[in-house]
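> Let the sequences and hints guide you as you build the complete structure.
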Amino acid sequence: MGTNEQTLPFFTRFVRFDAQYDDFRSFRLFVIVNAIVCAYFVLTIPLSIVHIMRSLARGTRILLIILDTVMLALLTAGASAAASIVYLAHNGNSSTNWLPVCQQYGDFCQVASGSLIGSFGAIVVFILVILLGAIALSRISKHRL
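Okay, so the sequence shown: first residue is 1 according to the UniProt record's numbering, each after it adds one.
Because the hints were derived from the structure by calculation, they are not lab data.
Computed from a predicted model, the values in this text were never measured in an experiment.
Between beta-carbon pairs, the in silico distance windows are:
(1) P46 to R139: 15 to 23 Å
(2) I36 to V101: 27 to 35 Å
(3) Y40 to S84: 18 to 26 Å
(4) N97 to T60: 49 to 57 Å
Even glycine gets a Cβ: it sits at the ideal position worked out from N, Cα and C.
Following this line, the structure appears as structure tokens:
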């Protein structure tokens, strides 16, 4: 999404219409949130490896589950904001006279839609990571009792 842009030539070569991701604040939010979540994933990989090696690290597992939940909320908010703009770009809004722009900017809309699909896939992965972390934490608690 961060490199998404499309230029349409008009009647002359001097007049062109541009569509870029940073023209929309929702898309900017989407890119920033995805960058934060990717950085978080990269930074927590070593901690996750420690959890695999040392299964009794309970305190940091709880911290990871809490931080994973925060990142899930951020990712969901960013993807939802971007999804509303993509929906308007595809369908428009007749009551406010907003026309669908995906007829003119087809490539721009395809890249935006593909980015959203990837982001919603990451949301599913985050949910699975949180569930697996909670299951592992419950197993640790059972062994200690």
